[in-house]
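A.B. asks: Chain by chain, the residues:
2 protein chains.
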Amino acid sequence: MAAASSPSGLRRSIVLKRRPKGEPNADDFEVREDPIPAPAAGEVVTRTIWLSIDPYMRGRLREEQTYAVAIQIGEVMTGETVGEVIASADPAFSAGDIVVGSRGWQTHSVTPGDRLTRISKGAAPLSAYLGVLGMPGATAYAGVTEICKPKAGETFVVSAASGAVGSVAGQVAKRAGARVIGIAGGSEKCLWVQDSLGFDDCVDHRSMDLRRELLAACPNGIDGYFENVGGAVQTAVFDQLNPFARVAMCGMVSQYNQTVMPPGPNLGFVVGKRVLIQGFIVSDRPARLTEWRAMAEPLVADGSLVYREDVIDGLENAPDALAGILGGRNFGKLLVRVSHEGD
Amino acid sequence: MAAASSPSGLRRSIVLKRRPKGEPNADDFEVREDPIPAPAAGEVVTRTIWLSIDPYMRGRLREEQTYAVAIQIGEVMTGETVGEVIASADPAFSAGDIVVGSRGWQTHSVTPGDRLTRISKGAAPLSAYLGVLGMPGATAYAGVTEICKPKAGETFVVSAASGAVGSVAGQVAKRAGARVIGIAGGSEKCLWVQDSLGFDDCVDHRSMDLRRELLAACPNGIDGYFENVGGAVQTAVFDQLNPFARVAMCGMVSQYNQTVMPPGPNLGFVVGKRVLIQGFIVSDRPARLTEWRAMAEPLVADGSLVYREDVIDGLENAPDALAGILGGRNFGKLLVRVSHEGD
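If you read the protein sequences in the order shown, they are chains A and B. So my numbering is basically just the index in the first sequence, starting at one, shifted up by 3. So my numbering is basically just the index in the second sequence, starting at one, shifted up by 3.
Calculated from the structure, these hints are not laboratory results. Treat the hints with caution; some may be incorrect.
Copies of the same chain look alike in the list, so a pair counts if it fits in one copy or across any two.
Under the rule of at most 27 Å between Cα atoms (straight-line distance), these lysine-lysine pairs were calculated in the DSSO-like manner [said to hold, decoys possible]:
| hint | residue 1 | residue 2 |
| --- | --- | --- |
| 1 | K276 | K24 |
| 2 | K154 | K177 |
| 3 | K152 | K177 |
| 4 | K24 | K152 |
Using the sequences and the accompanying hints, generate a full structural model.
C.D. replies: Quick look at the structure:
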């Protein structure tokens, strides 16, 4: 059994101070300090290296519950992390192990070992386990393969195409033989989606006439759509769906800061075109993460699965990072570097 | 080979005169008379006995195509019929055979035999082959079993519950063990849905507070919804869907007469609740009609599958009948008796 040494020093955590109205900002949170806890039997203490920032976190700040329990005032914000074990009272872990878990916005965590997954060092950069090899990658994989099911020659569209989920979704659909069109915000992102991810085209959702540009990029209509944004992008895509199109509803980030939800599309087309629209959350399918990680690790290692990271240093910048991702100001998988790997 | 006698007399057909604006009326159509045609080789001449009137017909009158080709000005209106063979040049049919087909709004038709299905006399009333044993019944069966998939103890809701499709959908869900709640227009229909169809409850969509009445009828939320109407009913049901609910999108009759489509529901809930919404059309699944008819014939014969018909006499009243079904003024499966069975 690993020794359960008592780590010393202070832990910093970011807790919810008040529920944000509209875009969250740093004043909605506060930093709390307490001594780094010692592990009880079966527990593990980790030092956080990477913290993932994801759009779904905005839903946790709302009073009403969505699919997960709302964060309460004074609670530590949730979030996926990669950390290093610094003390363990669980025989399955030793100091120095690298683990992935959902340990929240804090510099250190104490947690039952069975909530952590050890990752092998060297297979891929550690940060990748929060993006392309983590929950966002598995989300893309599950939504594309279980709902959109793109076939060779079909047209597949993904919004937020340069993001952590969208970039993988398009690459998975491309491997299935589909013609893949991204939608992203701004020419820099669109260029990267085409040139680096290898999508067949990418439409800028800020363009003057999104509908017409999408039509030009999808002359044969749209057979599969991976929805990350909602709003005007959703309207434009839905209008161009083909009969028997499949829509994977992963997120609608354009409205996460809104207090009153705008109306949606009239659903008459769903009947006539026999469209399938399905919401999903990858945590309902834990086996898919394991499966995806095993499949994707070698593709990341040989460079055939492309990803991009947007790194912000310092835990105290996590609130701004969250505001940024909700506004589409990140470019690639958004991460907070809480400490350095070799510290 | 059956003799190909030449029938004599006139055929009356109802053709589209102009595209209706809003609710269709008799002035949008006109009656055309021509001699009853003689059958060419492989063709069959039938005398129409029953003509089915269904909400989908409104879509055929629009300029733009939905899932089927629009009726052109001067063309005979489409519609499912039961008829008697009066002359046949197809060896598979003989005079006196009863056949089901899609022969349109006319007193007689000439058609290739391979477009007709012979039905056995005596298994059920002939009109039933246009309703409970026909396309509407098979539609209900396919939507419930392939999309809603109600499980024992779940709550299943169906709108237009006293109609040809809704009444069967609820009975199929009831047989699967679900708690079944109908939505219908007016207390007379609601009483029939509860007392004769045996649904657990029925909510009047004309009530002052549909949302609250639905909530009272569905205290455990809604797991499956069979959508026939759209509009305010759709909004009320969608707001009360449970996680992992399944919605079969069969029709949205409340908007078929509208020229500008109203906005629909914000689809954020689809993500958080992992809802599945799927449109379908039974003609994509021809095998389901055969399967359903074989299953349901004995249930109709022994009275355990309940249905109700609303009969209007005379082909010339078909346009008014169509207007009536779009306004919910029918009560049960709407049929036009074009001629009598024994004529």
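A.B. asks: Now, for every hint given, state plainly whether the structure supports it.
C.D. replies: Verification of the supplied hints:
| no. | hint | result |
| --- | --- | --- |
| 1 | K276 / K24 | between (38 Å within a copy, 23 Å between copies) |
| 2 | K154 / K177 | within (9 Å within a copy, 37 Å between copies) |
| 3 | K152 / K177 | within (11 Å within a copy, 32 Å between copies) |
| 4 | K24 / K152 | neither (38 Å within a copy, 40 Å between copies) |
Violated hint: 4 only; the structure is consistent with all others.
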